[in-house]
Structure formats: C-alpha cells, structure tokens
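From these two lone chains plus the hints, build me the complex, please.
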Amino acid sequence: MKKQEIKIVSKLIKDLFSFFLAHGYVDINFELKQVEENLLFIFKIKNLNSELIELIKLKANRERELEVETYGFELMGDIDSKSELEIAGLLIDEVIVNQENDFIVLSFVRKDRYL
Amino acid sequence: MNLIEKIKTKMLTPIIIIVLFALSFLLDDINTLFSGYIKILKHPSVLISDYLEIAGLGATLFNVATILLINIIILNKLKVKMTGPVFAGLFTIAGFSFFGKNLFNTIPIYIGIYLFSKLQRMEYKSFIIVVLFSTGISPIVSFLIFGTGWPLYLGIPVGIIVGLITGFVLPALSAHMIRFHRGYNLYNVGFTMGVLSMLYGVILRAFGVKLELLNLVNNDYHLQLQILMIVISLVFILSAFYLNKDVLKKYPALLKRTGRSVSDFIRDHGKDTTMLNVGIMGLVSLLALALLDLKINGPVMGGILTVMGFGAFGKHPRNCIPVMLGAFLGVTLTNYSLESTGMVIALLFVTAIAPIAGRYGFIIGILAGFVHIIITPIAYAFQGGFDLYNNGFAAGFVAALFIPFLEAILKNNVEEVPL
Numbered sequence: 060m061k062k063q064e065i066k067i068v069s070k071l072i073k074d075l076f077s078f079f080l081a082h083g084y085v086d087i088n089f090e091l092k093q094v095e096e097n098l099l100f101i102f103k104i105k106n107l108n109s110e111l112i113e114l115i116k117l118k119a120n121r122e123r124e125l126e127v128e129t130y131g132f133e134l135m136g137d138i139d140s141k142s143e144l145e146i147a148g149l150l151i152d153e154v155i156v157n158q159e160n161d162f163i164v165l166s167f168v169r170k171d172r173y174l
Numbered sequence: 005m006n007l008i009e010k011i012k013t014k015m016l017t018p019i020i021i022i023v024l025f026a027l028s029f030l031l032d033d034i035n036t037l038f039s040g041y042i043k044i045l046k047h048p049s050v051l052i053s054d055y056l057e058i059a060g061l062g063a064t065l066f067n068v069a070t071i072l073l074i075n076i077i078i079l080n081k082l083k084v085k086m087t088g089p090v091f092a093g094l095f096t097i098a099g100f101s102f103f104g105k106n107l108f109n110t111i112p113i114y115i116g117i118y119l120f121s122k123l124q125r126m127e128y129k130s131f132i133i134v135v136l137f138s139t140g141i142s143p144i145v146s147f148l149i150f151g152t153g154w155p156l157y158l159g160i161p162v163g164i165i166v167g168l169i170t171g172f173v174l175p176a177l178s179a180h181m182i183r184f185h186r187g188y189n190l191y192n193v194g195f196t197m198g199v200l201s202m203l204y205g206v207i208l209r210a211f212g213v214k215l216e217l218l219n220l221v222n223n224d225y226h227l228q229l230q231i232l233m234i235v236i237s238l239v240f241i242l243s244a245f246y247l248n249k250d251v252l253k254k255y256p257a258l259l260k261r262t263g264r265s266v267s268d269f270i271r272d273h274g275k276d277t278t279m280l281n282v283g284i285m286g287l288v289s290l291l292a293l294a295l296l297d298l299k300i301n302g303p304v305m306g307g308i309l310t311v312m313g314f315g316a317f318g319k320h321p322r323n324c325i326p327v328m329l330g331a332f333l334g335v336t337l338t339n340y341s342l343e344s345t346g347m348v349i350a351l352l353f354v355t356a357i358a359p360i361a362g363r364y365g366f367i368i369g370i371l372a373g374f375v376h377i378i379i380t381p382i383a384y385a386f387q388g389g390f391d392l393y394n395n396g397f398a399a400g401f402v403a404a405l406f407i408p409f410l411e412a413i414l415k416n417n418v419e420e421v422p423l
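One line per chain: the protein sequences are A and B, in this order. The first sequence begins at 60 in my numbering and counts up one residue at a time. The second sequence begins at 5 in my numbering and counts up one residue at a time.
I should point out that these hints are in silico values taken from the structure, not numbers from a laboratory. Remember, predicted model here, so these are calculated numbers, not experimental data. Hints should not be assumed to be uniformly reliable.
To be verified - Restraint-style ranges between C-beta atoms, simulated for each label pair:
#1 A:SER69 <-> B:ALA257: 31 to 37 angstroms
#2 B:ILE231 <-> A:LYS170: 31 to 37 angstroms
#3 B:GLU9 <-> A:ASN88: 37 to 43 angstroms
#4 B:PHE366 <-> A:SER69: 52 to 58 angstroms
#5 B:ALA385 <-> A:ILE101: 52 to 58 angstroms
#6 A:GLU96 <-> B:TYR246: 50 to 56 angstroms
#7 A:LYS61 <-> B:THR36: 48 to 54 angstroms
#8 A:ASN160 <-> B:ILE77: 44 to 50 angstroms
#9 A:ALA81 <-> B:LYS81: 39 to 45 angstroms
#10 B:LEU215 <-> A:LYS92: 51 to 57 angstroms
#11 A:GLU64 <-> B:LYS83: 21 to 27 angstroms
#12 A:GLU96 <-> B:ILE74: 35 to 41 angstroms
As the list claims (entries may be wrong) - Below, computed lysine-lysine pairings styled on BS3-like, alpha-carbon distance capped at 27 angstroms:
#13 B:LYS122 <-> A:LYS61
#14 A:LYS66 <-> B:LYS122
#15 B:LYS85 <-> A:LYS170
#16 A:LYS170 <-> A:LYS92
#17 A:LYS66 <-> B:LYS85
#18 A:LYS170 <-> B:LYS83
#19 B:LYS254 <-> A:LYS70
#20 A:LYS170 <-> B:LYS299
#21 A:LYS66 <-> B:LYS299
#22 A:LYS62 <-> B:LYS122
#23 A:LYS170 <-> B:LYS254
#24 A:LYS170 <-> B:LYS260
#25 A:LYS62 <-> B:LYS254
#26 A:LYS70 <-> B:LYS122
#27 B:LYS83 <-> A:LYS61
#28 B:LYS260 <-> A:LYS116
#29 A:LYS61 <-> A:LYS73
#30 A:LYS116 <-> B:LYS253
#31 A:LYS61 <-> B:LYS129
#32 A:LYS116 <-> B:LYS254
#33 A:LYS116 <-> B:LYS85
Ideal Cβ placement from N, Cα and C applies to all residues, glycine included.
So here's chain B without its partners, still in its complex pose (with noise of 0.2 angstroms):
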C-alpha cells in the first residue's frame, strides 16, 4: 500500500498513535510514566479529573495512545472501514482519555456491548457507533472501585459488573433515544449515558454512598498541548491538499451540510475533503481559545479532539461557529464565568448541536447555543458526574426543545441541498 492509500485508509489515526507513544516516552522517564499510568488506572476519574494534574503530561500521552491503540486493534479485527462515525469515535475517546478515560474503565463495557449483540444474534460491529461512544460513562467502573471507600473484594466486582450492564443496556437505549431529540444532538449515546449516569447517582445515594464532583485541571501544559494540536490541525490540512490539490473546490458542498445525524462526512464526501474539515475544525477551535486566552488542559483538550473527530461526523465551520458564539454570549451576558472549566469546555461541546444551526441558520443556530450554555451546568449537577460527556446530556434537552417548534414554524422554509 503506498502512502496515499495508507493516509487515505487510516485518516492519520496510526501516525497520531506512534508520535503520542514516542512523545509520552520523551517528556516522561520510564519509571515517572509508569507510575503516573498506575495513578491514572487507579483515579475515580469522575468529572472533573484531569488527568495532566493527576499523572503528568507523559503518562496521559501514554494514556491516550493505548486507549487509541487497542480501540484501532479493535476496529482492525472487526474488519470495520473508517467511516465519518468511526472517526468521530476514535477522536472522541482519545480526547476524553486525557480526563477519564483509561483501559481499566472502558473494558467492561465493552464486553457488556458483546453480550448484548450474542443475545440479539447480530454481529458485534453492526454495534461499533454505540462501542466507540460507550465509555463516556466509564468513570462509574472507576468509582465504585477506587471512590467508593469499599474494600477491593467488594468494590472490583461490583464496579466490573456495573460496567457490563452498563454496556449490555446502551445499545438499546441510545438507538431510542435519539428520537428524543431527533438527531439534532450529535452526542446522542452521551445523551443516553446521562440518563443512566442520573439513575446510578440516584441508586448510590440511596445506598448512602457521597457523590463528590471533583475540579481537577491543570493549566500548565498550555503551550506544549496547543503546539501539537495547531501541527496536527495543519497535518491534517497538508494531508487534504496532499490527496486532492483541488480540495477546497469540493469543500462548499461539506459546508452545505445541515450535519444532523447520521452525516457521514468521509462516505458523502470523501477523505480529501473530511481531512480538510477536520484540520479546519482543529484551527477554529484553537482560535476560539486563543481570542477568548482560555488556557488548554485535560478537558479542553478533550473539547478539541472531540470537535475536530466530528469534523467527519455532522461539524463543520458554519454550522459550529453560531452555537459557540451563542454559548459565548451565554457566558458574558449571564452570571457564568469562562474561569470555570465547564463553561470553556462547554464553548467546544456546544457544537453537539451544530445541525441546528446547519438548518435552521445564523440566528437559531446562536439562540440554541445561548440556551445550551445555561444549561449545561444544571445538566452536570442533575447526571451525578459519571457520563464524561456532559455536554451531550445538556444538548439533548436543548435539542428537543427547539427542534419541534422550529419544525412545526419553519419546516416548509428549508431544502437541504442534494449530495
């Protein structure tokens, strides 16, 4: 396989694995990095775990590049093609890997998906959207054994069997659940994860068990975190022009989508073009901190990836752009503060309901991010901190409270462009 085909194939996924391992291994000696893994496998990792302030740079690194590894050994395996979902989800987990994401939290899902697709007799791939999203609520693995204050004997089979049913009941419920806000929240399975994350936080304090949201973040590797991700951005720009130099000919039929679920970018339009979006994702997102001189740690860091994955799956600049303005307007006319870091992180996740913006325009598109802004942190409070994608659990109620107003109003005004 030459090198196009190998960039096309993979969309850079492999490359992205070996420098993150080669950097972990530079920035981190060999015994520091192994023990910050340990601590990383052994946190509670509910929201806010930064794991760049439990571990250190090098052991998240680490952390991401393992987790990326065995999900493409995974995918590879399944003999699964890199489609705009598949992208999307690898992006995903490798930018919630750097606050509470580990190998020894998302397994036990995983193996819960596999018993629900053998029961259902079907193939376990035909299940690969809920498998890639699932481990957003993965934290609840983790704090039942290292959270809680129970002994090991007690906590390791109870947090292990949490996780399976937790996997085994996913797939069921996201597929219902994205009736709810009728794919207009690309976040659906984080949607889903937070109305079981509500129920687990709910059992638990029936149970007595004290449910503690944490505030971990640190700041400190701003400059290293915005390098990289300002190359991998311009990598995937290169990449684009690389493949197709006419690329940014096919680019303004992408930006016509309305992104709503399922937009699969890499089949509609190609890699060339999806490379291009991706890396342009990457750069507004970047810029958007940058204007606004928000630090890059763990979370925001997870903003970042997440956004640019999407970039295959449903985002795009001019359906992204009006929600975070809206989400920034949110911010500053309010009484939130873009010192906390959910209201920054929430500026990059307000884009789980970019198709509103991508059909119903500028104006609408601001007004939904507006309202996803404020509701964000209720949302947090309400989930209990075990579904990471937070964002998503907020974006499904603003989703369906716009949708069908907006429809009823508006429905005969909009054509969607055809492919």
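Only chain A is shown next, with the shape it has when bound in the complex (with noise of 0.2 angstroms):
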C-alpha cells in the first residue's frame, strides 16, 4: 500500500470510529479486510439506530471525488458534531448493510480505483 493510502485509510478508520462513538455506541466490533482490490472497514454494533443507517448510507454512497484523495482528507478524524462523515462520505465507494440478529454489520468499501 502507497503512503498517501495508508494515510487516508488510518484516516478514514479515525473518522468512522469517532462517528459512532460520538452518536453513543461504545461496543463496536472492527474488521479491516482486503478482498481482491477492494478494502473493507467493517463494523458490527449492536442495535444500530435505523435513522443513523440512513445517514450513512446517503452520506456513504455518493459518488467517490478524486480531489479529495489529495485535498481534505487530513480533515477527517476531527469530528466536530454527531452527523458528519461528509469527507469520508467521499473516499468511499459504497456501503453494505446486513443484520445478523441483534446487530447490524456495515461493510464499507473503498475500492482501489485511484491509487
């Protein structure tokens, strides 16, 4: 992995984590996995409020900006209120919502187009 994507991949897991901690989920589970050339921060969370899994997801699936891979990305991390991931929103491709009882799993990916 080049510097740059380590960097905005450290970033990127900073902004989500922060994300939920500051909408009050303190049990998350973390997965970070490569598949094929796509990578996946996947977080599993316990009854997950379905509004918040809107928001993630409009914010999660608008289309990738390449400017921000070299531009703003360094904002990430420093959440400032509950409903961000506006940056973040933008380094990922897409995100994957599945239920497994009790929790709910989000996969989001970020494929490596760019880098």
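Next up, the structure:
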C-alpha cells in the first residue's frame, strides 16, 4: 500500500470510529479486510439506530471524489458534530448493510481505483 | 446538448468568457488592447497591482478571459466535472486576473504541480483543487523576472524555476496546512502560499533584493464594472429559476450548511440552488460596497468574483454577513480606514472565515470578522506581497485562534443539520 493510501485508510478508520462514538455506540467490533482490490472496513454494532443507518447510507453512497484524495482528507477524524462523515463519504465507494440477529454489520467499501 | 443542459454542465462559464472577450474588443482598439496586455504580462504584479491602472479596462478583461479560457481547456482535457471547488477556483482565477495573475506567471506553477503528480504517480486531475488556487502566488514569477532589476537572461530562468518549485511543493503543503485551521479558512491554499511567500521574502531580502509593496489602483471604471457585476449576478439568479422554478424551496437547506471545507454545494444541493446562491452572493457584495459608497477597482473585482465563486464552495449570506459586519466594525472602531484598498477588499475576503459564523453563530462570526480585519494589514507586510490571497493567510491565523477554544467550550451544543 502506498504512503498516501495508508494515510487515507488510517484517517478513515479514525473518522468512522469517531462518528459511532459521537453517537453513543461504544461496543463496536471492527475488522479491516482486503478482498481482491477492495478494502473493507467492517463495523459490527448492536442495535444501531435505523435513522442513523439511513444517514450513513446517504453520506457513504455518494460518488467518490478524486480531488479529496489529495485535498481535504486531512480533516477526517476531526469530528465536531454528530452528523458528519462528509469527507469520509467521498472516499468510500459504497456501504453494504446486513443484519445478524441484534447486530448491524456495516461494510464500507473502498475500491483501489486511484492509488 | 440543449440549453438547459449547457447551463447546468458548465455553470455559465463559457458564456462569461465570450462576453469578456467581446467586451475587451469593444472597449479598446486592437493596438491599445495588445499593448496593454503586454504591459500586464511584463509587470512585476506584486500586491497591489491593479491591471486596470496598468493597462486599462479592455486589456484587463482580455487578460481575465484568456486565463479563464486556458483553465477551461485544461479542465476539459482532464475531463474534470464542474464541482463546487472547481467553480470557486475558476471565479477566483477570474477575480485575481484583475490584479496579479496572467498567463505568463501562472503556467510555471501549473507545470510544477504536474511534475509533483508524476513523482507521486497520481493523476494530475486529482490535484485540481490545488491547481486552480495555486496561482495566487504567481507574482513571485513576475517579480523575479521583471521586478528585481536583474538582466532577463538571469531573471527568466530564476523566475521559471522558482515557479516550478512553488508548484511542486504546494500540493503536499496545502494538504498539511488545512489541519492548522481545521477547514474553517476557505482559502486554505492562500494560507499555504502566505507561508511560502514569507519564505521567499526572507530569502530575497537576505540576498539584498529590495521588496516594495505597491498600491496601484484605479477607480475610473467603477460604473462599468458595477453594471457588469449586477448583470452577471442577475443572470445567475435568473438561470437558477430557469433551471428550476421552485429553486427557492431548496435554498433554506443550503443556508443551514456551516460551509466548512470541503462543502461542495453543487454536489449536495444541485446546480440550480448553487447558481441562485452565487448570484445572491454577488448582489450581497455589491450591496455592501454600495452602502459604504466604496468604488470598484481591480482588487475589489477580485473580491466580488471570489465571493461569488465560493458561493459554490462554502459561502452563503447566513455565514458571510456576520463576518462582513465584524470586519466593518473592525475598520470603524479602530484606527483603520476604508480609504485603504487593502481594507476595502478585506471586507469582502473576510468571508474566508464564513464557516466560523456558519458553525458558531452570528455573534462569534462578528468577533471573528473583527479580529480578521485587524490582522490583515500585518499579514500583508509579513508575507511580502507575493501571495495574492493575503486574506487567506490572515484567515488561517484567525481560524486557528478561534476554533480550538470554541470547540472546547461549545462543541456539544452544536449540531449540523443532515443533508
């Protein structure tokens, strides 16, 4: 993985964790996985609020923006309100939501398209 | 492509270029136009060099149109779509082409960024935000060639090499500097270039080069420029209604945004709502100037166009008016005066810190605007005049002073409204 990609991936992890913590979710299982050319950020959280899931989908399913890969990504992780993910959403291709009993599994997909 | 699609895709920029070219040829005869344009290309262009004073209105509009055209061609070649930052970049380039930017001094910086992208093995277009804002430091190229008194065989290579180096270091520096003010200074590249400009100033002084800040301004074209900007602003507003007659219903959602970087209004609210905001921001700027009976010259044009451009990238009346009001109070309650062009343009460029008002409200916005305007002249002397975005340099310090403290005491009380 290139240095720039490492920076972005670590910032994304920090940003996503900050987001869930800011919304009061402390029991979080996290896994980072490489599947072919995709990097998956998998969060397993109990009883995740459905409105929040919709907000996450809205932000994370927006089109990736190439410019943010070099400008603005440094602001991630500096969360200052509960509804951000503004920048993270532009660095993630999509989010896949699954339910496992009481747990919601969110898989944020970042495709290796640019770096 | 039908008319609606054309307006939507390019946000009126090709039409503006055609109008500017037409006006430049209508206002000056061809000889005056080109001799004026040569004067622009050969001018040292450090702050404040109003091209209206140096070359007249026709040649200045020709300079603006030429630079805009080249940048549109570059964007088309790179297949870059019209996003909020791209639109803001284009309007900022147009604005500063009234007082400091020209084709000659901007190209080496673009090439420097291209070389950096090659070194990083990344696409040039991934650096497009930095590319579009990079030329704020272009006077360093012109100054080294035409302002030092060095022979051209020395000045030209030194100027071009320094331009290349500047472009080469800007992407990495600007990505880093954004953390200093945490995205609350919309002119982040301006802040970065202020730091570089300071370094260049120190080096040049160490080698005995005399640096002189200029104050060339021309208010003679006030009426023509006022009419031009009223028309452009109204065209944006009318186009917004042409695209969507119910655009006003969408506008309140945009007004609720804090504006903090990276707020792309085109992506989040659509081109119709953004065009309405751009037009309104133009009228807000013109109204503020008219109320204070301030004349429009080259630098003020830079201010108006930049405010309009950032109408797609973070600025709207709700977050701009408080900081503008704070800046006005800063001038009237202190020893500063609106007779200084630097102060007049700071009334417009203070909107760099609009996200502070967007996030923390009206009163904090007024305070931030007040502090900004009293810092601006000091920043100007400090950075040496090579950074045209002097207010971006000052705004970086204001945001860095305000944000850590405000976040510590107020962060739990604020909520951003989801899109």
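Checked hints:
The hinted window of 31 to 37 angstroms between SER69 (chain A) and ALA257 (chain B) holds, with their beta carbons roughly 33 angstroms apart. Between ILE231 (chain B) and LYS170 (chain A) the Cβ separation comes to about 50 angstroms, which falls outside the hinted range of 31 to 37 angstroms. Our hint of 37 to 43 angstroms for GLU9 (chain B) and ASN88 (chain A) is violated, since their Cβ atoms are close to 47 angstroms apart. Remark: the range hint 52 to 58 angstroms for PHE366 (chain B) to SER69 (chain A) is contradicted by a beta-carbon distance near 37 angstroms.
In this structure the supplied range 52 to 58 angstroms holds for ALA385 (chain B) paired with ILE101 (chain A), their Cβ-Cβ distance being about 53 angstroms. The hinted range of 50 to 56 angstroms is not satisfied by GLU96 (chain A) and TYR246 (chain B), whose Cβ atoms lie roughly 43 angstroms apart. At roughly 53 angstroms, the beta-carbon separation of LYS61 (chain A) and THR36 (chain B) lies within the given 48 to 54 angstroms, and the hint holds. A beta carbon spacing of about 57 angstroms between ASN160 (chain A) and ILE77 (chain B) contradicts the range 44 to 50 angstroms that was offered as a hint.
At about 42 angstroms, the CB distance of ALA81 (chain A) to LYS81 (chain B) agrees with the hint of 39 to 45 angstroms. For LEU215 (chain B) paired with LYS92 (chain A), a C-beta distance near 56 angstroms keeps the hint of 51 to 57 angstroms intact. For the hinted restraint 21 to 27 angstroms between GLU64 (chain A) and LYS83 (chain B), the CB-CB distance of approximately 23 angstroms keeps it satisfied. At roughly 36 angstroms, the beta carbons of GLU96 (chain A) and ILE74 (chain B) sit within the given window of 35 to 41 angstroms.
Proximity of LYS122 (chain B) to LYS61 (chain A) is assessed by CA-CA distance (about 15 angstroms); at most 27 angstroms being required, the pair is judged to hold. Annotation: proposed proximity of LYS66 (chain A) to LYS122 (chain B) holds, straight-line Cα distance about 19 angstroms (limit 27 angstroms). For the proposed pair LYS85 (chain B) and LYS170 (chain A), the alpha carbon gap of about 21 angstroms is at most 27 angstroms, so the pair holds. With a C-alpha separation of about 12 angstroms, the suggested pair LYS170 (chain A) and LYS92 (chain A) falls inside the 27 angstroms cut-off, and the hint holds.
At roughly 26 angstroms between alpha-carbon atoms, LYS66 (chain A) and LYS85 (chain B) fall within 27 angstroms of each other, so this suggested pair holds. For the hint pairing LYS170 (chain A) with LYS83 (chain B), the CA-to-CA distance comes to about 21 angstroms; that is within 27 angstroms, so the pair holds. Between LYS254 (chain B) and LYS70 (chain A), the direct Cα distance comes to roughly 33 angstroms. Violation of the 27 angstroms bound is thereby established for this hinted pair. Restraint check for LYS170 (chain A) and LYS299 (chain B): not satisfied, since their Cα atoms lie roughly 52 angstroms apart, outside the 27 angstroms limit.
Of the supplied pair hints, the one linking LYS66 (chain A) and LYS299 (chain B) is violated, its CA atoms being roughly 47 angstroms apart against a limit of 27 angstroms. Restraint check for LYS62 (chain A) and LYS122 (chain B): satisfied, since their Cα atoms lie roughly 15 angstroms apart, inside the 27 angstroms limit. Of the pairs offered as hints, the one joining LYS170 (chain A) and LYS254 (chain B) is violated, with about 33 angstroms between alpha carbons and a cut-off of 27 angstroms exceeded. In summary, the hint linking LYS170 (chain A) to LYS260 (chain B) is not supported, as the alpha carbons are separated by about 32 angstroms, beyond the 27 angstroms threshold.
For a cut-off of 27 angstroms, the pair hint linking LYS62 (chain A) to LYS254 (chain B) is broken: about 41 angstroms separates their Cα positions. For a cut-off of 27 angstroms, the pair hint linking LYS70 (chain A) to LYS122 (chain B) stands: about 24 angstroms separates their Cα positions. Distance restraint check for LYS83 (chain B) and LYS61 (chain A): the Cα-Cα separation of roughly 25 angstroms lies within the 27 angstroms cut-off, and the hinted pair is therefore satisfied. For the proposed pair LYS260 (chain B) and LYS116 (chain A), the alpha carbon gap of about 21 angstroms is at most 27 angstroms, so the pair holds.
A threshold of 27 angstroms between alpha carbons decides the hint, and for LYS61 (chain A) with LYS73 (chain A) the separation of about 19 angstroms falls inside it, so the pair holds. Proposed proximity of LYS116 (chain A) and LYS253 (chain B) is supported: the alpha carbons are some 24 angstroms apart, at most 27 angstroms. With a C-alpha separation of about 19 angstroms, the suggested pairing of LYS61 (chain A) with LYS129 (chain B) holds against the 27 angstroms cut-off. Restraint check for LYS116 (chain A) and LYS254 (chain B): satisfied, since their Cα atoms lie roughly 21 angstroms apart, inside the 27 angstroms limit.
Distance restraint check for LYS116 (chain A) and LYS85 (chain B): the Cα-Cα separation of roughly 24 angstroms lies within the 27 angstroms cut-off, and the hinted pair is therefore satisfied.
Of the numbered hints given earlier, the model fails hints 2, 3, 4, 6, 8, 19, 20, 21, 23, 24 and 25; all others are met.
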